[in-house]
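Those protein sequence lines, which keep their order, are chains A and B.
Take the first sequence: its letter number 5 is residue 5 in the working numbering, and every next letter is one higher.
Whatever position you read off the second sequence (first residue = 1), add 1000 for the working numbering.
It is worth saying that the hints were derived from the structure and are not from the lab.
Please read these numbers as outputs of a predicted model, since none were measured by experiment.
Don't be surprised by glycine CBs; every beta carbon is placed ideally from N, CA and C.
Where hints are given, some of them may not hold.
As the list claims (entries may be wrong) - Which chain B residues stay away from chain A? Per the calculated CB distances, all over 12 angstroms, these: (1) N1099; (2) L1101; (3) K1102.
As the list claims (entries may be wrong) - Cβ pair distances, simulated, as ranges: (4) A/T141 to B/K1027: 43 to 51 angstroms; (5) B/I1071 to A/E90: 32 to 40 angstroms; (6) A/R32 to B/K1097: 21 to 29 angstroms; (7) A/S86 to B/I1071: 25 to 33 angstroms.
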Amino acid sequence: MESVGNIIMYFVIALAIIVFSVLTVTTRKILRAATYLLFTLFATAALYFQLDYAFLGAVQIAVYAGGIVVLFVFSILLTHNPGEDSAPLESHRKWLGIIAAVAGVAVCGFALFSYAQFCGQAIPEMTAPGIEDIGKFLLSTDKWGYLLPFEALSVLLLACIIGGVVIARRR
Amino acid sequence: MNLTLLMYLIPSLIMFGCGVYGFLTRKNMIAIMISLELMLNSIDINFVLFNRYLFPEQMEGMFFTLFAIAIAAAETALALAIIINVFRIAKDVDINKINKLKF
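Please model the complete structure; the sequences and the hints are all you need to start from.
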């Protein structure tokens, strides 16, 4: 049994996710699409906070909302006239997209509802993972350690920095 | 009333469907990247949800999401660098008008 506040928060978050993700792909102004994407990412961060993953929510806000959306806004302003509508979609392309999306959602939704017993379980008790646990697992070489992916990721980010500078520099 | 796994999976599923729709219909490269972010984000939610509901004492799904967020950030930065470079050369970001590999 959940508290009433938790249930109200769930409905607010779910509604925000659904409405803003639909608006992201249906709006014709590209800058608005980026803004709606930002709201969707904030709602996702709120979802993580509600599920007791506070560190993950903070990372979501810092990296996605603080980094990626700013990158999007920068590149939109560099490549578009702000406020200009994009061309209307061709009708056959639009229907192809709608059919593909609805078919995918229908198949996955059918699979979810046919496992309703499994998916209907209540949320189990959990002690929220503290920052100490996260740091310990992230930098350990034990069975549950993540040191190797962590270091591989740092090499990937270095490659990304160099690649970004090389690709985007003015010749 | 319980908050079940299904109730959290449905918004994530709808977010993924929106991503698929945008990815297939948009012709602007940046709009395609935005749709891609929506899809990646819905997958992240699923990792966290299954971690929380099935294995609440472990943190595997959380770490997977953490690494997925970092890789998505790297991928977006590179993709946007490529898009800006293409725009500088071809003066357009419409995927139908960029049909040459070498200018």
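Hints and how they fare:
no.: 1; hint: N1099; in the structure: holds, 17 angstroms
no.: 2; hint: L1101; in the structure: holds, 15 angstroms
no.: 3; hint: K1102; in the structure: holds, 15 angstroms
no.: 4; hint: A/T141 to B/K1027: 43 to 51 angstroms; in the structure: holds, 47 angstroms
no.: 5; hint: B/I1071 to A/E90: 32 to 40 angstroms; in the structure: holds, 33 angstroms
no.: 6; hint: A/R32 to B/K1097: 21 to 29 angstroms; in the structure: holds, 23 angstroms
no.: 7; hint: A/S86 to B/I1071: 25 to 33 angstroms; in the structure: holds, 28 angstroms
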